[in-house]
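The chain contents come next:
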Amino acid sequence: MVAKVFSAEARERALRLLRSRGITSVSKVLRGFDEKAVEAAKRLGLDSALNQASYVQVNEEIVKTLMERRLRDLGVIVAPLGEALEKHSWLQEYYWRALPVDNDVYTALVEVYGEGKGYLVYVPPGVKVPQPIYVCLLVTASGETQLLHNIIVLGDGAEATIITGCGASHGAGRVAHIGATETYLGKRASLNYVMIHSWTRGSEVRPRTAIILEEGARYTEYYMSYGGVGILESRVVARQEKGSRLYSASVILAEEETNYTLDTRALLLGEESSAELVSRIIGKEDSKAVNRVAIEAWAPRTRGHIECQALPLGDRAVVETVPVLRSYARGAELSHEAAIGKLNEDELAYLMARGLDEEQARAILLRGFIHVDIPGLPAPIKRLISSVEKTLAEKHAL
Amino acid sequence: MVLELRNVFVEASGRPVVRGVSLRVESSELQVLMGPNGAGKSSLLSALMGLPGYRVVKGEVLLDGQRLNDLTLYERARRGLGLGFQTPPRMKGVTARCILEALEKIHGPWRDLRRYARLLGVEDLLDKPLGSLSGGERKRVELLLVLAQRPRVMLLDEPDSGVDIDSLGLIADVVEESVRRGIGVLLVTHTTHFLEELVGRGIVSGINVMIDGVIRLSGEPRRVLQLLEERGLRGAAGGA
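Chains as they are written, first to last, in the numbering used here: chain B, 2 to 399; chain Y, 20 to 259.
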């Protein structure tokens with residue numbers, strides 16, 4: 002089903018791209034819904050579900066009930082995007098601006114078939130949201146295709162922390178999650194954005210993210226993804242104006258036959274803007290993880306640093322890291338460090354001399370490896386991340 | 020009797036480094052092992068603990084009368100042997116808290132944690148990555164981690180090296196308390212100041228001087244120090 006039109010121009014551009022690729026329905030581009038799957042679904046009478054785009058927000062009501070009044074009093078809006086577009090005409094200004102609708106077939110699919118699903122988070126200028134805003138997006142049924150368009154707007158001087166949990170439930174089978182997220186940070190606005198993904202082996206996940214940081218804005222992102230996933234292909238681009246700061250940490254635990262491709266770019270457009278992109282990747286079993294990270298300096302006195310570390314555990318896992326530094330301006334300072342290694346035997350021995358067996362010792366080293374100390378994150382969020390790190394390290398120790 | 024070494028020979032990476040050492044460390048006793056660089060002191064402690072690359076090739080190591088020679092590294096630790104490393108690894112991202120939590124799973128809650136952490140001045144360091152600590156901080160945390168194993172015998176390999184004067188005092192305090200609480204300690208040191216500090220506290224039961232893998236001199240601490248002084252060997256024996 003083709004979704005309601007919120008912008009005629011965006012719809013036309015999206016359709017033009019899809020037609021040029023011969024795409025007339027969602028299922029054609031998704032790996033899981035090949036002819037055999039469609040045929041099987043038809044036999045079961047579920048073929049219409051293959052073309053259906055939907056999403057489930059777990060605990061939506063509870064979160065809203067707990068936060069709604071306090072948020073509303075502050076002028077904060079957390080709402081489904083479709084509803085918000087109908088209600089707030091100013092939102093058109095942000096609709097597919099940071100992320101072009103014809104960026105690729107996936108953004109076009111979100112526009113044409115997304116039905117306005119996804120969320121808006123809006124924080125008025127100067128408002129400092131005291132508690133984290135939680136968003137949870139789950140796919141629970143086999144054959145579901147989740148098409149999301151999310152817009153986050155923080156006015157000048159606003160501050161917020163957003164935590165998103167996305168994943169498929171156990172036994173969800175073949176599912177797809179395509180999320181287009183546009184983030185706009187006004188002057189001196191500050192956003193902590195924590196994203197935790199846990200998918201299943203039948204999942205196809207294609208996040209597309211664009212962030213615009215106005216003068217003096219600060220964006221701190223922590224992304225963790227674990228569990229088997231069919232394909233996870235993430236593309237992130239940040240455009241940074243004068244004096245803005247971006248810090249991004251990605252922690253990936255690739256296992257089973259997972260195929261990860263991460264593509265992150267920070268464009269330092271304004272003077273004295275800076276970006277630090279940090280990644281930790283653990284590859285297990287038959288997984289393949291490709292991590293491309295780039296910082297481009299377009300203005301003087303900009304600074305950028307890339308740190309990529311990968312740890313293949315197992316003989317068949319493939320990890321590839323590609324740090325790219327590009328300068329178009331005089332006086333830019335860019336650096337990178339990239340390493341693929343193994344657990345240090347001396348460190349293992351040290352921990353075993355403490356009385357820990359090999360599994361316990363490996364768990365501690367893995368936890369240390371995936372830990373990234375993120376500046377400026379609120380303590381409760383750090384504790385949440387630490388708890389996830391501990392659980393994962395213990396699970397993956399052997 | 021707690022730890023006993025009977026005519027122990029050690030190889031490090033296949034090379035003989037210790038030849039025929041016999042030594043006893045009783046409960047509530049501090050034995051000091053000193054000697055020049057390369058004498059084999061650290062190799063001996065590493066072999067006693069069972070670290071990779073170090074092997075007791077002859078002789079017996081007994082803990083409470085039970086032979087340790089054939090036990091794995093962590094089995095020795097769980098029997099009650101604790102090694103404080105001279106240069107602990109940096110271990111990126113790992114905090115003392117992570118290790119303490121893992122040890123708690125083995126031994127149950129450690130009621131003395133806060134007290135020892137306070138004594139060592141490391142209460143605020145437990146959640147920091149070990150690799151970010153200064154030399155002195157790391158050495159104090161190292162001692163805390165050894166104690167967290169609830170050892171019967173601590174093997175402390177130069178706990179004083181690279182440590183500032185204030186940290187030395189804190190480390191000496193905790194070593195003293197450990198000895199008084201019944202732990203046996205075999206301690207390697209190079210620095211005269213730290214050795215005299217320990218001797219002055221009356222907690223050193225014996226000093227053993229190792230040269231070229233052999234213990235050449237051992238006995239009551241003041242007597243050994245006097246002999247070294249008389250023979251002009253204080254420096255040669257490792258006293259800095």
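No wet-lab data here; the hints were simulated from the structure.
Note that the structure is a prediction, hence the values are computed from the model and not measured.
Mixed in with the good hints, there may be bad ones.
As the list claims (entries may be wrong) - Some chain B residues close to chain Y (C-beta under 7 Å, calculated; not the full set):
1. K5
2. R219
3. A354
4. E395
Said to hold, decoys possible - A few chain Y residues that face chain B, going by a derived Cβ cut-off under 8 Å, partial list only:
5. M68
6. M110
7. I118
8. A121
9. P128
10. L132
11. Q168
From the three backbone atoms N, C-alpha and C, an ideal C-beta is built for every residue, glycine too.
So, against the hints stated earlier in the document, which numbers end up violated here? 1, 2, 4, 9, 10
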